[in-house]
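So the protein lines, in turn, are chains Z and G. Here the numbering used here is used: the first residue of the first sequence is 217, the next is one more, and so on. Here the numbering used here is used: the first residue of the second sequence is 31, the next is one more, and so on.
Simulated from the structure, these hints should not be mistaken for lab results. Possibly wrong hints are sitting among the right ones.
Sample of chain G residues with no beta-carbon within 12 Å of chain Z, all distances over it, derived [unchecked claim]: (1) GLY61; (2) SER87; (3) LYS110; (4) VAL228; (5) GLU229.
DSBU-like, lysine-lysine: derived pairs with alpha carbons at most 35 Å apart [said to hold, decoys possible]: (6) Z:LYS288 <-> G:LYS166; (7) Z:LYS366 <-> G:LYS169; (8) G:LYS166 <-> G:LYS103; (9) Z:LYS383 <-> Z:LYS289; (10) Z:LYS289 <-> G:LYS169; (11) Z:LYS289 <-> G:LYS110; (12) Z:LYS288 <-> Z:LYS383; (13) Z:LYS366 <-> Z:LYS288; (14) Z:LYS288 <-> G:LYS110; (15) Z:LYS366 <-> Z:LYS383; (16) G:LYS110 <-> Z:LYS366; (17) Z:LYS383 <-> G:LYS169; (18) G:LYS110 <-> Z:LYS383; (19) Z:LYS289 <-> Z:LYS366; (20) G:LYS110 <-> G:LYS166; (21) G:LYS103 <-> G:LYS169; (22) G:LYS110 <-> G:LYS169; (23) Z:LYS288 <-> G:LYS103; (24) G:LYS166 <-> Z:LYS383.
Okay, the calculated beta carbon distance ranges per label pair [what the hints assert, rightly or not]: (25) G:SER237 <-> Z:GLY236: 27 to 35 Å; (26) Z:PRO234 <-> G:ALA44: 36 to 44 Å; (27) Z:PRO295 <-> G:ASP234: 14 to 22 Å; (28) Z:GLY296 <-> G:ARG99: 41 to 49 Å.
Note that CB positions come from ideal geometry on N, CA and C, so glycine has one too.
Below are the chains, spelled out letter by letter.
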Amino acid sequence: MTPLSREDMARRAARDIPDGAFVNLGIGMPDQIPDHIPPGREICLHSENGILHMGPRPPEGEEDWEMINAGKKPVTLLPGGSFFDSGLSFAIMRGGHLDISVLGGFQVSARGDLANWSTGANDGVPAVGGAMDLACGARQIWVLMEHVAKDGAPRIVERCTYPLTAKGVVRRIFTNLAVIDVEADGLVVCEIVPDLSMDRLQDLTGAPLRPAPDLRVLTV
Amino acid sequence: MIDRRVATYANAVAGIRSGATVLLGGFGGAGVPLGLVAAIDRADLRDLTVITNNGGSHEPDLSVWLHARRVRKLVCSYPKARIKTNTIFAELYLAGQIELELVPQGTLVERIRCGGAGLGGFYTPVGVGTDLAHGKETKVIGGREYVLELPLRADVALIKARAADRLGNLVYNKAARNFAPVMATAADLVVAEADELVELGDLDPESVVTPGILVDRVVRRGAPQ
Numbered sequence: 217m218t219p220l221s222r223e224d225m226a227r228r229a230a231r232d233i234p235d236g237a238f239v240n241l242g243i244g245m246p247d248q249i250p251d252h253i254p255p256g257r258e259i260c261l262h263s264e265n266g267i268l269h270m271g272p273r274p275p276e277g278e279e280d281w282e283m284i285n286a287g288k289k290p291v292t293l294l295p296g297g298s299f300f301d302s303g304l305s306f307a308i309m310r311g312g313h314l315d316i317s318v319l320g321g322f323q324v325s326a327r328g329d330l331a332n333w334s335t336g337a338n339d340g341v342p343a344v345g346g347a348m349d350l351a352c353g354a355r356q357i358w359v360l361m362e363h364v365a366k367d368g369a370p371r372i373v374e375r376c377t378y379p380l381t382a383k384g385v386v387r388r389i390f391t392n393l394a395v396i397d398v399e400a401d402g403l404v405v406c407e408i409v410p411d412l413s414m415d416r417l418q419d420l421t422g423a424p425l426r427p428a429p430d431l432r433v434l435t436v
Numbered sequence: 031m032i033d034r035r036v037a038t039y040a041n042a043v044a045g046i047r048s049g050a051t052v053l054l055g056g057f058g059g060a061g062v063p064l065g066l067v068a069a070i071d072r073a074d075l076r077d078l079t080v081i082t083n084n085g086g087s088h089e090p091d092l093s094v095w096l097h098a099r100r101v102r103k104l105v106c107s108y109p110k111a112r113i114k115t116n117t118i119f120a121e122l123y124l125a126g127q128i129e130l131e132l133v134p135q136g137t138l139v140e141r142i143r144c145g146g147a148g149l150g151g152f153y154t155p156v157g158v159g160t161d162l163a164h165g166k167e168t169k170v171i172g173g174r175e176y177v178l179e180l181p182l183r184a185d186v187a188l189i190k191a192r193a194a195d196r197l198g199n200l201v202y203n204k205a206a207r208n209f210a211p212v213m214a215t216a217a218d219l220v221v222a223e224a225d226e227l228v229e230l231g232d233l234d235p236e237s238v239v240t241p242g243i244l245v246d247r248v249v250r251r252g253a254p255q
């Protein structure tokens, strides 16, 4: 079996974002998604610091440091874009005006709890930014993360051991091995990479999985 | 005559005292009033409580105050430096030399908004069931659980604008707007540093973001110290 590359993970998640969606992308792997939106779809990107219809990074030499995204990287504005203050920006999130938010994750539980802001270690500076607000607000929360941690520990777990970002919010998980939906009665595997058995995927997962009736091969 | 303009940075920060609570605008490097940050530094103020989104970077921003040990407490959503070149906040925090109140970013701005709008607080779903709601009052409204968050106000707000007029009307530049319009409502003294001072009538009334009633002083970026 061949796990997806990080780029292919972003490509796979991008495929599920429908035309016309208003989307907020978390910092890290999700910010590669705009490069992979299938042609013909118009997606509006929201940035927590007060931007709608955010465009790609400008060419080198044309950076404007008053035009940055949530990750503090220079971006551009597409025609029809707008600026607004942080209060309205977070009202757009909390108020359910965004269709989808794709976030990075440390752990997701079988009930859709998300841990993505802190490992709980006491040796660093805690920082939450907009993580909790995003996780509460968008109509659908998707998580894009490697299936297991660097030490091999499952990231999809019965209960999160890392500090929670939000409870019961995650709807879909894109990993390098599978696409998994969080249903009311547990985790459902919709797609799985070629030559990986459900049994082996289960071994790499800390919560019970069941295959969707139409389980498909995960390709990009 | 109403004239919010001041000629120097010293005038802009006159009367601000050690021990003050300060709202400081900006998100990352965008919208931080760096000239006012430097003016506070020159005024040698201490024991400040600073409410701001980020914990300083390699720019001459909040990190200047941190290096000079001017800040007693930081109320902040993202105090960690992404770029590892500046760890002054981490140094102080890990040595127990600065207090931190960590607040989710949307809750931070809404608490300031409440403070400026005369409200006593609000119930939010953000943070429910997490460490950041620990010990806070919760309430179930319409079947969903919310946590009570209380307003934030300050003695002074320091913000950056693109342009200002004599009455203190402000417009901003792109993503440098961020917290400034909300912070302008929530302090006893609101000081704006503007890239440009324009004549009365030059700002399109439909485009004014912060009306001058909220602003006490404006100083032109690059004005004498």
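Hint-by-hint comparison with the structure:
1. GLY61: 7 Å, violated
2. SER87: Check fails; 8 Å does not lie beyond 12 Å.
3. LYS110: 4 Å, violated
4. VAL228: 18 Å, holds
5. GLU229: 23 Å, holds
6. Z:LYS288 <-> G:LYS166: At roughly 31 Å apart (the allowed maximum being 35 Å), LYS166 of chain G and LYS288 of chain Z satisfy the hint.
7. Z:LYS366 <-> G:LYS169: Violated: LYS366 of chain Z and LYS169 of chain G sit about 39 Å apart, past 35 Å.
8. G:LYS166 <-> G:LYS103: 20 Å, holds
9. Z:LYS383 <-> Z:LYS289: 30 Å, holds
10. Z:LYS289 <-> G:LYS169: Given pair LYS289 of chain Z, LYS169 of chain G is violated - Cα atoms ~38 Å apart, limit 35 Å.
11. Z:LYS289 <-> G:LYS110: Holds: LYS289 of chain Z and LYS110 of chain G sit about 16 Å apart, inside 35 Å.
12. Z:LYS288 <-> Z:LYS383: 28 Å, holds
13. Z:LYS366 <-> Z:LYS288: 26 Å, holds
14. Z:LYS288 <-> G:LYS110: Cα-Cα ~13 Å, so holds.
15. Z:LYS366 <-> Z:LYS383: Roughly 24 Å between the alpha carbons, so the hint for LYS366 of chain Z and LYS383 of chain Z holds.
16. G:LYS110 <-> Z:LYS366: 23 Å, holds
17. Z:LYS383 <-> G:LYS169: Judged against 35 Å, a Cα distance of about 16 Å means the pair holds.
18. G:LYS110 <-> Z:LYS383: 24 Å, holds
19. Z:LYS289 <-> Z:LYS366: With a Cα-Cα distance of about 27 Å, the restraint between LYS289 of chain Z and LYS366 of chain Z holds, given a limit of 35 Å.
20. G:LYS110 <-> G:LYS166: Within the cut-off at roughly 24 Å; holds.
21. G:LYS103 <-> G:LYS169: Given that 35 Å is the threshold and the Cα spacing comes to 29 Å, the pair holds.
22. G:LYS110 <-> G:LYS169: The given pair, whose Cα atoms are some 31 Å apart, holds under the 35 Å limit.
23. Z:LYS288 <-> G:LYS103: It holds: about 24 Å lies between the C-alpha atoms, which stays within 35 Å.
24. G:LYS166 <-> Z:LYS383: 17 Å, holds
25. G:SER237 <-> Z:GLY236: 27 to 35 Å: 28 Å, holds
26. Z:PRO234 <-> G:ALA44: 36 to 44 Å: 56 Å, violated
27. Z:PRO295 <-> G:ASP234: 14 to 22 Å: 20 Å, holds
28. Z:GLY296 <-> G:ARG99: 41 to 49 Å: 47 Å, holds
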